[in-house]
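In the order they appear, the protein sequences are chains A and B.
With numbering that gives the first Met the number 0, the residue at position 119 of the first sequence is 118, and numbering never jumps.
With numbering that gives the first Met the number 0, the residue at position 250 of the second sequence is 249, and numbering never jumps.
Bear in mind the hints are in silico, worked out from the structure with no lab data behind them.
Watch out, some of these pointers could steer you wrong.
[What the hints assert, rightly or not] Here are some chain A residues the structure puts well away from chain B; computed CB gaps all over 10 Å:
#, residue
1, 203
2, 356
3, 456
4, 462
[To be verified] Facing chain A, a subset of chain B residues (Cβ under 7 Å, in silico):
#, residue
5, 0
6, 1
7, 2
8, 3
9, 5
10, 96
11, 97
12, 99
13, 111
14, 112
15, 212
16, 257
17, 261
18, 309
Glycine is no exception: its CB is placed at the ideal position from the N, C-alpha and C atoms.
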Amino acid sequence: MSMADIASGYAGAPVRLHYRQLQTWLSDQNMETLRARHEEAELIFRRVGITFAVYGDDDGTERTIPFDIVPRVFPAEEWRHLKAGLIQRVQALNMFLQDVYHDQKILKAGIVPADQVLGNTSYRRAMHGVDVPLNIYAHIAGIDLVRATHGDRAGQFFVLEDNLRVPSGVSYMLENRKMMMRLFPDLFSTHQIAPVDHYPDLLLSALQQVAPPTDRYSNVVVLTPGMYNAAYFEHAFLAQQMGVELVEGQDLYVDDDDVVYLRTTQGPRRVDVIYRRVDDDFLDPEIFREDSVLGPAGLMRALRAGNVSICNAVGTGVADDKSIYPYVPEMIRFYLSEEPILNNVPTYMCRRSDELSYVLANLKDLVVKEVHGAGGYGMLIGPTASKAEIEAFRQQLVANPDHYIAQPTLSLSTCPTFVGAGVAPRHIDLRPFVLSGKDVRMVPGGLTRVALKEGSLVVNSSQGGGTKDTWVLQSAGES
Amino acid sequence: MLSRTADHLYWMSRYTERAENTARMLEVNWQMSLLPQSEQAARAAWRAMLEISELTDDFDAKYANATPANVLTYMVQDTDNPSSIMSCLRAARENARAVRGSMTTDLWETVNTTWLDAQRQVGQGLLRIAPTDFFEWVKLRSNQSRGVHIGTMMRDEASHFISLGIFIERADNVARLLDVKFLAAAEHMEQDLEHVEDFYYWAAILRSLSAFENYRMMFRDAITPTRVADLLILSPRNPRSLVACMEQIVELLTKVRNASSGRTEHEARSMLAQLKDMEIDEVFGQGLHEYLLTFLAGINQLALDISHHFLVPIAAPEPAASV
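Same shape as in the complex, but just chain B (with noise of 0.2 Å):
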């Protein structure tokens, strides 16, 4: 298929996989916001928002406080931000429209149509009335697009590069979110949980990831740091783990194979197989920062590696001399 093709499909899926993490995180913190807590610790929160996304400096340069509403406002619909919920939907729809023909009626209707209610629910003000609802409309509309995806497309090139695209994105996002959420988390690093807001704190951010079933199903047992490090990180049942994005993402390398792309393959599975091995001791033993930030560090790899051999193309010979 097209390198340009495969590009915006890549980025169409990037785009709407990043909205849809960043309205599960905004949701979770605003359920959060809602529970007693001190001052302190909900400004803290909300600025942990801004730091997974590396917005700091930017929001300040625009807003005087780390309010929630203004959180919200930047972080949802303020289109000066390029990661913004609103701006995400839109450059989806953008890349989608720009291939449209490349996907099926389907899909390329789901997307569309993402972008044209979106905006008429910003419009509305839902965001002001009922944000819990907007949230869980973004994540319903980028599960519609995954079921449309998955249950429409022909499964060549053009769905691996959707799916490529989808868990690039997510190991990024998800490894982000823990960084930023086990660092701000020092005073809640006990293992036996005896205060509730430690237990409010882990337990936000399995839901965050839709992981709070499924870790009950899994431990059946207490809420731990390690054990949610363990769930997100490690485990290959947990579909928005990183090893689980790392799974799919060599699988996805092997089918779309060229001449040229050998080498990000072997990274891949080195990466993978590395997961694999590991213990969630021994994360926690070189220390869970160090350890993520390495990984982001291989993601991001990837991630130019993949726009190198198969999303930019090839440079054009030197045109010969006019006849």
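Next comes chain A alone, as it looks inside the complex (with noise of 0.2 Å):
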């Protein structure tokens, strides 16, 4: 492969300054070692059972999700823009959490309608007047980013989706870099590249930050769905890494005294923190979905007596709710009286009668969301739907403009993949994962997703998409 290879994908455009390195190293490889090695590491995913599961299917196939052996980089002083901004709206979305299950400044204020977020239904009024320790409710944040690639704000990053409830991918983060580092030991020694293993050691002491004071150490657990649900290689790997039980809701029970315990071989084990990957409606049957069998019986007694921390906490869904996405930025300005670092995809609410009619004058130029859907159901892509649909969709939208919000195309920005014939672009995007307890923290480096299908701008691993190593470039002096 030539050099011309990868920079015809580009149109012309000149290899950016970070890259250049990895485009000699990349040029002087041959094809066979570089299809070899993506060989090798579609098997060792499988041997280390990176695999998941997929719903329907009963012959138990489990499939690995595509790995592209081209990394995506950084260079230093990107990422620290990025990481002061991530930040940033973590913060707001943690103090907009503590704000709306207690005094609800911001809603007097006017700055967020209060029926939106009170009559939101991932507002859970369980939670109402519950203290949380530190005031963390989104103890991991994962933040989904894109990078505009022309228009007014070119290169300049744009958040996509805050995700706050129990956002995955952080694993894929950690075996990507294990993979690259096994398969390309020379790009490591060429490159300074941050490393990104703490993550684990970082996630604990964030759990173990906001554990109900004890003298005791406190018994921090994750809590899965079990072995069938799609995420679950990341809850054993995570708890393995953290060196924490993983526990499913049969493990647990809340006694008497409303204390979590664990059900192990010598007696009953009392646990102060549950790192839960099961949604709010499935924790406690108590309160929540009754016939929940993923979570014990009583946890929100638990809770309210102070006994046990869950993370995150019930109820974050209101914050990252695409209805309330386009108030970020004016939480950041109210909470922390700051400017916001990056940017909002500009939004329009089809609840306010103006924005409404720009929209349904353009809905062949707008990608329409309901506020309630999640995985990119009950959505219009203007530019490829078809006169009818459009026309169907826009009888809902008269009916109930206050389901849905429209934003503009975006033009996601590439990065060189391999693919079958060679490298060539395709459309990525980033989720760096925000952890916070005592303060914020993250490790350099995030998960890149990348749409293997040419021209797509679908990234999403359910439907075609693979992802990336990360690469944060370390510059001297720095650690």
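Dock chain to chain to rebuild the complex, using the hints, since each chain is given by itself in its own frame.
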């Protein structure tokens, strides 16, 4: 493969400085070696069991998420900016959550409409007035970002979504790094790549910091829905890396003393912090869904008694809902008196009549999203929709404008990616993980997802997306 | 540790051990079938494979004849048979996957790779082309899991429950094998072994338990049914004997002891004491079949008690009224 192959994908655009070294290396590799490495990666992922079960597949097939061997690279300076913006955003979101479950100052100030918060299906009345340690609700946040390729803000990052419930993907960030080091050790000796492996340590210390006060050792557990959950590998991986128990609902019970216990071979053992990977609805059949067996009955009693911490807290979904998203820049100004560092994607709220008229007049150019939806359902992508689809959607929109927001279609940036025939540009996004305990901390990196189909903007693993290792280059003297 | 975790680890190793023992029996039977023998003896030998695992009825419901090919297919790769080698390897892997964080990465990858490779080998028709290679491989992988377990796991409860699964399963499998083989051996019970077929019959049993060379080392003498039974039941030096399994079980129960497991430990100790006190002539005196049936009932009870005291979660207290 020649350098021309890579450059041609970029229509003659100059290779950015921080990719130059990587590109030199790539051009020294022959196609066969790269292909062999690519296949080796797939084999290793299977052996290690980094797979997910696919719902509805009875033959027990497990899939791997395609791994791309060309990393995505951030220069140190760019990362510093991004990190400052993420920390600022997550701080404001946690303050918003604390506020809406207590004094509701931001609602009284009229900055976020009260009905949009209190009437939101993700607002948990059970959390009203409940104090949580350090006032942290979203201990783990996965913020989805994309980068614009043109327009007056080309090169800038835009937040697509704040994932504050049970964000997943961090195990891929860690495993992708391990895989790259294994496949291409020489790359790591020639680049100064900031390590990410200490993520589980940061996570464990954040979880321990929010334990209810005790003079004992705080017992942290990871709560999983079980091995058939698509993210089970990650749950098991994180529990093992932190050295804590991986538990299912059936392993826990809440006794009359409102304390959560584990059922062990040596009798009951107290639990202090639950890093739960189970949705709110299934956490406690006494309060939420009665038919759930994924969480122990009485968990909310234990929480209110201050005997256990749940991470992320119950009710964080109200802050990452699409209907609340447009207000995040205002939250930053309100709580922190700072200007937002990261951009929101311009968003039209269809509940406002002037914005609705604009949306209705421009449906073919916009992406319209349902506010309570997640994962790409109940959504209209104007530029690719047929006339009939647009008209059908228009009816829904007019009937329930409150349920929708609209955004311009974004041109996602691309990154060189290994495809069957060589290396070609593919669209990418980024999900860095932000941990909140006594401080807000991050490892330098994140999960880069890539749309493997040419021209596709969909990076979801369920729809043909893959992942890449994400490098933050370390500048001299920095740790 | 979590009761559920202990349960998965225990069953992971039981299934691995079961796959190994099944492979051992099938391998020897396959070797035997290559020797000249009567049609009837051959059929009886393949039938015995099914009897050992109490699968005769299920097999007959599905297959017309106990041909070697049918029995091999059923015992190796038929997923309707929960004790087939493939079913066992899959169950071992599923149990491991459920608690993969509780074992070393080395052990998890060993168990996972065994299952992935088994599917590939069966898919490529290895069983048809070279059944012995496949059985050798199953044994090797089981030996590997055990080695990785011993060589990498912390010596704590997780490790003990894995070992407990191995020895409970092994004691059960060996006792069943002996019972079926001795019952079917009425015509081979001559102590002087005049017939060459007799030699091969007993040698096959020894080989299926990797005990042929051990026998030679221990007795340095001709192979007789009584000595075979002695080596496989009462010899503490032979790692697959019933007494060796019981020694391990007692030791492990002591290590994982909890508030309610005292009686179980006591039962295991008395089973061991009895094995240690016995002479092989006494065993034959009261009837080997009866003796083995009693032993199997004892092992079965132990397994139930272990489940009850360690593995099955204690019943949750009634939830208090909602606040």
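Consistency of the hints with the structure:
1. 203: Per Cβ check, residue 203/A is outside 10 Å of chain B; nearest 14 Å; holds.
2. 356: Its Cβ never comes within 10 Å of chain B, the nearest being 48 Å, so this holds.
3. 456: Its Cβ never comes within 10 Å of chain B, the nearest being 34 Å, so this holds.
4. 462: 26 Å, holds
5. 0: 6 Å, holds
6. 1: 5 Å, holds
7. 2: 5 Å, holds
8. 3: This interface hint holds because 5 Å falls under the 7 Å limit.
9. 5: Residue 5/B check passes; min Cβ-Cβ to chain A is 5 Å, inside 7 Å.
10. 96: Since chain A brings a Cβ to about 6 Å from residue 96/B, closer than 7 Å, the hint holds.
11. 97: 5 Å, holds
12. 99: Cβ of residue 99/B sits 5 Å from chain A, so the hint holds.
13. 111: Given a least distance of 5 Å, the restraint on residue 111/B holds.
14. 112: 5 Å, holds
15. 212: Because about 34 Å separates residue 212/B from the closest Cβ in chain A, which is outside the 7 Å limit, the hint is violated.
16. 257: Since the shortest Cβ distance to chain A is 5 Å, the answer is holds.
17. 261: Cβ of residue 261/B sits 14 Å from chain A, so the hint is violated.
18. 309: Holds, about 5 Å.
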